[in-house]
Amino acid sequence: ELDKEVRRVSPEAMSVLEQHQWPGNIRELENVIERAIVLGTGELLGVEALPENVRRPRVVRDVEPDFPDDGLDLEATLDRIEQQYLRLALDRTGGVQTRAAELLHMTFRQFRYKVQKHGLGRRGDRLD
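All the letters of the sequence shown, read from the start, carry residue numbers 2 to 129 under my numbering.
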């Protein structure tokens with residue numbers, strides 16, 4: 002289907018694929034493997050053909066949240082945080098939504114849903 006002759010996956014690449022958390026489930030895994038096959042050379046799919054976010058995932062630090070004595074609206078707080086990160090990703094990528102989705106380690110479909118949910122789509126944003 003991809004006109005490539007990849008016959009094996011290196012042990013290092015297999016280890017990276019097994020250890021990665023797949024937020025997009027099987028579809029995301031399929032896309033990563035297809036991309037690695039297209040970008041790779043030869044019969045061996047090596048770790049260097051895998052995307053940066055799969056090879057070297059960022060470690061998420063625990064943050065001590067501020068919890069007011071009178072409580073908080075958790076859903077509204079999470080929505081605000083989500084909006085902030087969506088905006089930051091769009092700003093950092095110059096509005097290129099596919100790259101913004103990659104920065105946030107989510108599928109493009111998940112990203113588009115959240116952008117629409119928060120009304121963040123702009124005319125200048127691009128899909129490429």
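If you are wondering where the hints come from, they were derived from the structure by calculation, not from laboratory data.
Yeah, the Cβ is synthetic: ideal placement off N, Cα and C, and Gly gets one too.
Be careful, since some hints might not be right.
Using C-beta positions, here's what the derived DEER-type ranges look like [unchecked claim]: (1) Gly122 / Glu13: 22 to 30 Å; (2) Leu79 / Leu104: 47 to 55 Å; (3) Glu44 / Asp67: 15 to 23 Å; (4) Arg8 / Leu75: 29 to 37 Å; (5) Leu89 / Lys5: 34 to 42 Å; (6) Arg9 / Gly122: 29 to 37 Å; (7) Gly120 / Gly47: 39 to 47 Å; (8) Leu73 / Leu45: 28 to 36 Å; (9) Pro52 / Thr78: 27 to 35 Å.
The hints, checked one at a time:
Range check, Gly122 to Glu13: Cβ separation about 39 Å, and the 22 to 30 Å hint is violated. Our hint of 47 to 55 Å for Leu79 and Leu104 is violated, since their Cβ atoms are close to 19 Å apart. Restraint check, Glu44 to Asp67: a C-beta distance of roughly 54 Å breaks the suggested window 15 to 23 Å. At about 50 Å, the beta-carbon gap between Arg8 and Leu75 misses the expected band of 29 to 37 Å.
Between Leu89 and Lys5 the beta carbons are some 36 Å apart, a value that agrees with the proposed interval 34 to 42 Å. For the pair Arg9 and Gly122, the supplied restraint of 29 to 37 Å is violated, since their beta-carbon distance comes to about 42 Å. For Gly120 and Gly47, the hinted distance range of 39 to 47 Å is satisfied, since their beta carbons lie about 42 Å from each other. Range check, Leu73 to Leu45: about 52 Å between beta-carbon atoms, so the 28 to 36 Å window is missed.
Taken as a hint, the range 27 to 35 Å holds for the pair Pro52 and Thr78, whose Cβ atoms sit roughly 31 Å apart.
Checked against the numbered hints above, the structure breaks hints 1, 2, 3, 4, 6, 8 and satisfies the rest.
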